[in-house]
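K.L.:
Sequence:
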Amino acid sequence: MNRKVINKLIGIAIISVALTINMPIDAFASTAVVQKVNTNLQNGAVSSNTVTSGIKLYYGTNISVSNVNELKNQIESCLTNQNTSVSLKYTGRDITDWKATINKCINDVLENPKNDYARYTMSSYNYSYNTIGDITIKFTYIETKEQSKVVDTKVKEIIKSIIKPGMTDEQKEKAINNYIVTHVAYDTSLAHHSAYAALVAPNKTVCQGYALLAYKMLKEAGFQVRIISGTANGNTHAWNLVKINGAWYHLDTTWNDPVPDVQGRIRYDYFNLEDAQISDSVRKHSWDKSKYVGYECVTPYTTNDLDILKSSRMNESKAPSLNNITITNNKGTSDKINVSGLNAGDTVKVFSDGSVTAKVLGQAVVTNGAKEVNVNISQLGANGGKVYLSVINKGKIESARIGKAFNAEAIK
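Quick note, the sequence shown lines up with residues -29 to -1, 1 to 383 if you use mature numbering (1 follows the signal peptide of the UniProt record, and there is no 0).
No false leads were slipped in.
Below, simulated DMTMM-like cross-link-like pairs (lysine to aspartate or glutamate); rule was C-alpha separation at most 25 Å, straight line:
#, residue 1, residue 2
1, K281, E141
2, K357, D251
3, K75, E41
Hints are computed from structural coordinates only; laboratory data are not their basis.
Generate coordinates for the entire structure from the input sequences, incorporating the hints supplied.
P.N.:
So this is what it looks like as structure tokens:
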């Protein structure tokens, strides 16, 4: 099955070096710490940069805070209202390590479950401070405040149109999954990340936008919901946790809408899964469980809905065994990948890598009476490497991809 994985994940990497400068009597020690946070959930690499410099901070501010809780409240207000900056005067005398305290306050706000949407729409932050209590914190976002208001308005309209009186919670959640899967396409250009991009223009986004939109819609429909981040198949990824019938479950609308986008196709492969199901050897989702204590998904989900029952929980093709794959990397002629242990009608696909944007190098169908198939590739390359294979059994959906290494071309 073609999976869509967000390829750059929000990561708050605290790497900062403070530079304190001794100033004349008419000035004071000051430090500026600029912390960049990469929130483009796309290429599997989380990067951060910290730039530090000594500056004089002589600005004024009308906002005074006297303790750490008040400082957190002001940071939270700035973030959740999508303000770009807040300047504060800290009047308390309890801070000895300014950098560590400000970092912790910001992280506490970002890790608060009620701030999930704000956290995942923030793209970076930076702050500056001095030792007499002047603090400025600035945020940037992946969608503007005006765009977020448009999202709120459209979400209310959509929920009103798709949620009908008398619907069960499962029917409501299913309707939301269906809307997202049929109205949003995965952005293979990896350029768009927001719920606004998913909902308004260009109706394409990566998993970050899928998760943000699902969060908004489920909230509006009355569900308790979280955005969870981790990895899927080894790549950084974000999806949702939703509480239904008193228990928490995983919902991944991104992977319910695989590439390539097919008009009208809806899947429920990642609909209300337990921890053990979504982290198994096929789905390969992982996350830091210490960050989601109290949100464990351990209750088996039961349903009589035939659409959900027909999902890949029962109908996913079995990936080929590594022992049944033989790769011949020829020099000067086409290369051959042989896959055995198959049945007539099975389709084997070979991909350049395991990512959502992987190129299909070749595919072949097992003929009647055969148990194996050869996939011919023009050239894998002179050096050794790795390709990824999937299988589509007749009447089932595509398997997960499995990687197989190959040797360099033989020297003749």
